[in-house]
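Required output: the full structure, derived from the provided sequences and hints.
Respectively, the protein sequence lines represent chains A and B. Just so we're aligned, residue 12 is where the first sequence starts under the working numbering, counting upward by one. Just so we're aligned, residue 12 is where the second sequence starts under the working numbering, counting upward by one.
Simulated from the structure, these hints should not be mistaken for lab results. Check each hint, because a few of them may be wrong.
When chains are identical, the list treats them as one kind, so a pair holds in a single copy or across two.
Claimed, not checked - Think about it this way: if two alpha-carbon atoms lie no more than 30 Å apart in a straight line, the pair counts; the simulated DSS-like pairs of lysine-lysine are: (1) K78 <-> K66; (2) K30 <-> K97; (3) K51 <-> K30; (4) K30 <-> K98; (5) K51 <-> K66.
Read off the chains here:
Number of protein chains: 2
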Amino acid sequence: MAKPNNPIDNLERSMHEPKRLAILSVVAAESDGVSFGELKEACDLTDGNLNRHLKVLEEEKIVRLTKTTGEGRARTVVIMTAAGRKKFLAYLDSLEAALRQAAQSAGKPISLQSSPGLSPEHA
Amino acid sequence: MAKPNNPIDNLERSMHEPKRLAILSVVAAESDGVSFGELKEACDLTDGNLNRHLKVLEEEKIVRLTKTTGEGRARTVVIMTAAGRKKFLAYLDSLEAALRQAAQSAGKPISLQSSPGLSPEHA
Chain A
12 MAKPNNPIDN LERSMHEPKR LAILSVVAAE SDGVSFGELK EACDLTDGNL
62 NRHLKVLEEE KIVRLTKTTG EGRARTVVIM TAAGRKKFLA YLDSLEAALR
112 QAAQSAGKPI SLQSSPGLSP EHA
Chain B
12 MAKPNNPIDN LERSMHEPKR LAILSVVAAE SDGVSFGELK EACDLTDGNL
62 NRHLKVLEEE KIVRLTKTTG EGRARTVVIM TAAGRKKFLA YLDSLEAALR
112 QAAQSAGKPI SLQSSPGLSP EHA
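Structure representation (structure tokens):
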């Protein structure tokens, strides 16, 4: 019986929570950051829920929030930190390993290729 | 900006929790079920934690527990239900879609192939 706990135990809980994974997927794509309002809409979250998730990600230094107070009302922008990007890429590697292992256990046709050349070159 | 919430919102929380994913990965591989003791060891869990996770999975009818009282002390065996296997395979499909989307957003070299022919033939 295979011990599947290794890759799965590497799954960072701060990023594994589905809504936080959604948030990070949006933020990772925009190096200039994403406004609170856009993020809220993209992830279908309330102000309160988005705030709570951002607090966790900010405490882990995965994202940082900047406030711009130009014309009109203040605007909060969420930016992925360099360390956060590195952590996110490592998380995705762990997730891929966990998925591959789970699929194999379930006798599910594997559609994943092994990825020996995978490196976080965009980090 | 892509809306990544669709596949991610399909992630069943009952199976997404890392330790429950580990439990299911072990149980899915053994059609005759896995004893509580083996499962505890394979997933590196305490009795209390394994019990709590199994309760969630049992309430969702993903696994069922049977007690055998033969010679010696009672033995609890954890078996994945047919419905549970179906749910688990569907969860793995959602997880794969979420992973592919997140990796693409992060500019991570994709090592996943699209899987048009994927079907739960082992369900």
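Here is what the structure says about each hint:
| no. | hint | result |
| --- | --- | --- |
| 1 | K78 <-> K66 | within (15 Å within a copy, 44 Å between copies) |
| 2 | K30 <-> K97 | both (19 Å within a copy, 24 Å between copies) |
| 3 | K51 <-> K30 | both (11 Å within a copy, 29 Å between copies) |
| 4 | K30 <-> K98 | both (17 Å within a copy, 20 Å between copies) |
| 5 | K51 <-> K66 | within (14 Å within a copy, 33 Å between copies) |
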